[in-house]
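Got two chains here, each in a separate frame; can you build the complex from them with the hints?
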Amino acid sequence: MSATTGLPPAARRRSPLARLAWSDYWSAVGLPGLIFVILAFGVPVLVIVVKSLTDPSPANYSAIFDSGIYRQSVGNTVQMALVVTGLCLLLGYPYAYVMARSGRILRTTLMVALMLAFWTSLLVRTYSWQILLNDTGVVNQALMEWLGVVDEPIHMIRTKFAVYVGMVHILLPYSVLALYAQLRAIDPDLERAARGMGARPWQAFWRVTWPLSLPGAVAGSVLVFVLALGFYITPQMLGGAQNIYIGQAIVLQVEEFLKPGVGAAMAVLLFAVVLVVLGIAARFVGLGRILGIGEGRGK
Amino acid sequence: MKAGIGVRLFACLIALLFVTPTLIVVATSFTSGTMVVFPPNGLSLRWFEEVFADPEWLDAFANSLQVGLLAAVIAMLAGSSLAFAAGRGRGIPPGLVTALAVLPMMVPLVVAGIGFYLVYVTIGISGGVAGLAVAHAVLGLPFVFVNVLAALKGVDRHVEEAARACGASQTRALVRITVPLIAPAALVGGVLAFVSSWDEVVIALFLNTPEFRTLPVVMWGQVRSGIEPSISAVATLVTAVSLVMAGLILLGPVLRRKLRSLWRQQ
Chain A
1 MSATTGLPPA ARRRSPLARL AWSDYWSAVG LPGLIFVILA FGVPVLVIVV KSLTDPSPAN
61 YSAIFDSGIY RQSVGNTVQM ALVVTGLCLL LGYPYAYVMA RSGRILRTTL MVALMLAFWT
121 SLLVRTYSWQ ILLNDTGVVN QALMEWLGVV DEPIHMIRTK FAVYVGMVHI LLPYSVLALY
181 AQLRAIDPDL ERAARGMGAR PWQAFWRVTW PLSLPGAVAG SVLVFVLALG FYITPQMLGG
241 AQNIYIGQAI VLQVEEFLKP GVGAAMAVLL FAVVLVVLGI AARFVGLGRI LGIGEGRGK
Chain B
1 MKAGIGVRLF ACLIALLFVT PTLIVVATSF TSGTMVVFPP NGLSLRWFEE VFADPEWLDA
61 FANSLQVGLL AAVIAMLAGS SLAFAAGRGR GIPPGLVTAL AVLPMMVPLV VAGIGFYLVY
121 VTIGISGGVA GLAVAHAVLG LPFVFVNVLA ALKGVDRHVE EAARACGASQ TRALVRITVP
181 LIAPAALVGG VLAFVSSWDE VVIALFLNTP EFRTLPVVMW GQVRSGIEPS ISAVATLVTA
241 VSLVMAGLIL LGPVLRRKLR SLWRQQ
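Chains as they are written, first to last, in UniProt numbering: chain A, 1 to 299; chain B, 1 to 266.
There may be inaccurate statements among the hints.
[Said to hold, decoys possible] Computed from the model, here is a short list of chain B residues facing chain A with C-beta under 8 Å:
| hint | residue |
| --- | --- |
| 1 | P21 |
| 2 | L43 |
| 3 | L259 |
| 4 | L262 |
| 5 | R264 |
[What the hints assert, rightly or not] Just a sample of chain B residues kept apart from chain A, beta carbon distances all over 10 Å, derived:
| hint | residue |
| --- | --- |
| 6 | R8 |
| 7 | L69 |
| 8 | F116 |
[Unchecked claim] Residues on chain A that point at chain B, a partial pick, calculated with CB under 8 Å:
| hint | residue |
| --- | --- |
| 9 | Y95 |
| 10 | L110 |
| 11 | W119 |
| 12 | S121 |
| 13 | S128 |
| 14 | L132 |
| 15 | G196 |
| 16 | M197 |
| 17 | L229 |
| 18 | G247 |
| 19 | I250 |
| 20 | V254 |
| 21 | F257 |
| 22 | L258 |
| 23 | L270 |
| 24 | F271 |
By construction, these hints were calculated from the structure, which means they are not laboratory data. We put the beta carbon where it would ideally sit given N, CA and C, even for glycine.
So here's chain B without its partners, still in its complex pose (with noise of 0.2 Å):
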C-alpha cells in the first residue's frame, strides 16, 4: 500500500531539511568575500589555499588523520577478537562479552571525555596521538565487534572444519580460513570506527594540549571566537572524507563483485 501523497510531500521537506544546511555550509565555503553568507559573494578557492596554508589546521589534520587510523586498527582488533569470544567461546559467558563489548556504545561523550582525562592525568600522559586512538578505539569497537559477530554467524563451520581435518592447526585455521571470511565485515567496523573519531570533540577536547589538537578542536575553537569562511573550507573537508568513507562502505560490497569480475575476467 503506498503512502498518501500528503505524507509524501512531508516526508520530501523533511528531506530537504535534511541535506540543506550541509550544503548552505559547503556554499559559504566557495565565497570570494570575507564574511560567511548566502548565496556567497562570487566565487573562489581562497579559503581554502588559506586553509592550506596555515600550519595550525595542516598539524590538526595530521592529527585527527593518525588518530582516526590508530583508533580503527586497534579497534578492529579488539573488536574481532571479542566476537570471536561471543560468537564461539564458552569458557566466558557470551553473553558478558557482548555487554563489555556494547556498552562503550551507551556511554555519554562527556562521561568517557572525563573518565579518559582522569585516568591520563594520574599516569601522567596527555595530549598525544596514542593516548586519544586508545579512547577512541574503544568507542569504535562495537561497530567493528558488531559486524564482525554478524559475519561469524554466516561462516561456514564445514570450511574450517575441513581444513582442520587437513593438518591444519586451530589457530592455522583460524588465520587462513575464519580470518579472511570476516575481514570485510571487520573492515566496515573498522571505516565506522575511523569516521567516529574523525568527527569526535568532546573527548577530543578533554584530552587536547596546545601542541596537541585534532581537526574538530580547532575547529571548535575557531567557531567560539567567530565564523569564517575559512571554518566552511574545513567543514567542507571534514564533510568530503566523512561522506566518502560512507560511499566506500555503502558501495563496497558493489566494488569488490566488480574488482572480483574484472579479475576472472583476466
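Isolated chain A, as found in the complex (with noise of 0.2 Å):
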C-alpha cells in the first residue's frame, strides 16, 4: 500500500512539471534538500572543476606534475596514508577483537575510552601530541628524567614520527567501529564449533573469525586510507616543513603561490581519487559499511 495513492484532483492540470513534483508527494517534500545540497555542495565542487581548467588553462594539470614540491607531498601522502592504514588496522584489530568477545566491564571500557577520543575536537588530540612530543614534552620529560633512559631529548616534533602518531591516534577509532561492527556479527558459536572439532585457538581465529571479519578489515582500512590522504591539519601542526602533505600542497597553491588554479586542479585530483579508491572498495564490501552507515552513529 502507497502513502502516494492521495493524488490531489488538481495537479492533473498542472503543467508537466509540477505535475511529475505532485503526482510522487514525497519527491515533491525533498526537493528543498535537494535543491540546498545542489547549491551549496554542487555548485563550489564545480566552481573548482572549471577554475582548474580556466584560470589560467588547463595546463594547470601538467603544472602539478612538473613542480617538485607536488611530486614529494604526492609520494609522502601515499607512503603515510599507506602506513597509517596498516598500523590502524594492525592495532584496531586486536582492540575491536577484545570489545567482541569480553564481558560487559571490559568493553564498556573500552568503548568509552573509544568515544572519549571519537568525540574529542580533532585540533585538540593534535595540539596534545604536539605537547607530549615536544623536546620539552612529556614523553622526553618522561625518558630523561623519570626513566632516566636517555641524556638529552629525542627530537620527535616535526617530524615523520610524529606525524604518523597524531594521524593513528586520530584515525584509530573509525577502524576499530568498523571492526567491532563486523566482529561482533560473527556467531560465537562458529569459533565454539571449530574448537569442538579440533582446531587449537589460533587456528579457530585463523581459520574462522579473521576470514570472516575481513570485511570490516577492508572497509575500516578503505575509510582509514581515504581520510588520511585529505588531511591538513596534523601534518601541518606536527609535520616538518620539508615532508609535506597533499593537503598542505593545496592550501600552500592557493594562499602562499597565489595560485588558485593549480590548487583547485590539486583538489580535483585528490577528490577523484578519495572517490575512485571508494568506488572500488564499495563494490567489494558496500559503501554503507565503508561509512559505518545504518549504525546510526556519524563523524
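Have a look at this one:
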C-alpha cells in the first residue's frame, strides 16, 4: 500500500513539471533539500573543476606534475596514508576483537575510551601530541628524568614520526568501529564449533574468525586511507616543513603562491582519487559498511 | 569465546593511549605556572579566567556557537527533506538522492574549503556566520540524512494512513504524525552536525577574516605562535562541549524514557 495514492485532483491540470513533482508527494518534500545540496555542495565542486581548467588553462594539471613540491607531496601522502592504515589495522584489530569477545565491564571500558577519543576535537588531539612530543614535552621528560633512558631529548616534533603518531591516534577509532561492527556480527558458536572439532585457538581464529571479519577490516582500512589522504591540520602542526602532504600543498598553492588554478586542479585530483578508491572498495564491501551508515553513528 | 589475557592487556594499553593525551591537555590547563608542563606547577583557574576576560576568545566562542547552531538547523531541515525523498519518493531515483546526500561525507575538507572559498570570493561574501554555517551544514547534512532515513524505515505507515483516513491532508499527516516520529533521529543528526561544525578548522580557516574567526581558528593561530596554558584551557572547554554533546546523544534515549515515566507519574 503506497502513500502516494491520494493524488490531489488539481495536480492533473498543472504543467507537466508540477505534475511530476505532485504525482510524487515525497519527492516534492525532498525538493528543498535537493536544491540546497546542489547549490551549496554541487556549485562549489563545479567551481573548483571550472577553476582548475580556466585559471589560466588546463595546463594547471601539467603544472602539478612539473612541480617538485607536488610530486614529493604525493609520494609523502601515499606513503603516510599506507603506513597509517596499516598501523590502524594492526592496533585496531585486537582492540575490536577484545571488545567483541569479552565481558560487559571490559567492553564498556574500551567503548568509553574509544568514544572519548572519537569525540574529542581533532585540533585538541593534535595539540595534545604537540605537548607530548615536544623537546621539553612529557615523553622526553619521562625518558630523561623519570626513566633515565636518554641524556638529551629525542627530537620527535616536526618529523614524520610525530605525524604518524598523531594520525594513528585520530584515525584509529574509525577502523576499530568498522572492525567491531563486523566482529560482533560473527556468531561466536562458529569459533566454538571449530574448537569442538579439534582446532587450536589460533587455528580457530585464523580459519574462522579472521576470514569472516575481512569485510570489516577492508571497510575500516579504506575509510582510514581516504581520510588520511586529505588531512591538513595534523601534518601541518606536527610535521616538518621539508615533508609536506597533499592537503598542505593545496593550501600553499591557494594562499601562498596565489595560484588558485593549480590548487583547484590538485583538489580535483585528490577528490577524484578518494571517490575512485571508495567506489572500487564499495563494490566489494558496500559503501554503507565503509561509511558506518546503518549504525546510526556519525562523524 | 573470550579473548586471551595478552590481547586483553594490549587492548587496555591502547585504551589508555586513547585517553591520556586529552587528559594531559586538561591537566596542563589548570596549572598556576606560565608554562605548559605535566604535571602542572600548582593548581589554579587563572588561565580560564584569562580566557574569559579576553575579547578575542569570547568573540570566537560566540561565532562558533552561532555557526554551529545555524549549521545544525540547516542540516536538520535539508537532511530530513532528503531522507523523505530517498525513503519514500519515486519521482527522483532514491539512489541518486542518497548519493547526493552522503557525498559531502567523502569530500576531503581541504577540497570543500577551497570550493567554498572560490565561490564566496566570486559572489563577494566572506567572513560571516551565514557563509560558514552553510558550508558546515553541507558537512553535517549526511549525519541527519542517515539517521532520519533509518528512523523513517521504522515508522509504521498505518499510523499515517489512519490520519489520512480521518481526513487529514497529506501535509497535515506529515507535520502531525511523521515529523514528530522522526524528530528524535533528526535531533541526533543535528547534534552530530553541531559537533562537526564546532571542531571544524580547515574550511573555517579558508573563510576566516580578521573580524570573523571561530574558536578552532583562533586556537590554530595561537598554537602556531607558541604553546600557552590558555590554549590548554580553551582546548579543555572545547572538549567539554563536545563530550556533553556526545553524552546527550548516547544517554538521550535513557533520559527520554526517564522523563516520560516522570510525566506519567504526575
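Tested hints:
1. P21: holds, 4 Å
2. L43: violated, 18 Å
3. L259: Constraint on L259 (chain B) not satisfied, violated at 21 Å.
4. L262: Interface hint status for L262 (chain B): violated (26 Å vs cutoff 8 Å).
5. R264: violated, 27 Å
6. R8: For R8 (chain B), whose nearest Cβ neighbour in chain A is about 5 Å away, the distance does not exceed 10 Å, so it is violated.
7. L69: Fine: 17 Å to the nearest Cβ keeps L69 (chain B) off the interface.
8. F116: violated, 5 Å
9. Y95: holds, 5 Å
10. L110: holds, 5 Å
11. W119: holds, 4 Å
12. S121: Cβ of S121 (chain A) sits 4 Å from chain B, so the hint holds.
13. S128: At about 4 Å, which falls below the 8 Å cut-off, the nearest Cβ of chain B leaves the hint on S128 (chain A) intact, so it holds.
14. L132: Interface hint status for L132 (chain A): holds (6 Å vs cutoff 8 Å).
15. G196: violated, 11 Å
16. M197: Not OK, violated: M197 (chain A) not within 8 Å of chain B, min 14 Å.
17. L229: holds, 7 Å
18. G247: Hint on G247 (chain A): holds, closest Cβ of chain B at ~4 Å, below 8 Å.
19. I250: Holds. Min distance 5 Å.
20. V254: Interface hint status for V254 (chain A): holds (6 Å vs cutoff 8 Å).
21. F257: violated, 13 Å
22. L258: violated, 12 Å
23. L270: holds, 6 Å
24. F271: With a minimum Cβ separation of about 5 Å from chain B (threshold 8 Å), the hint on F271 (chain A) holds.
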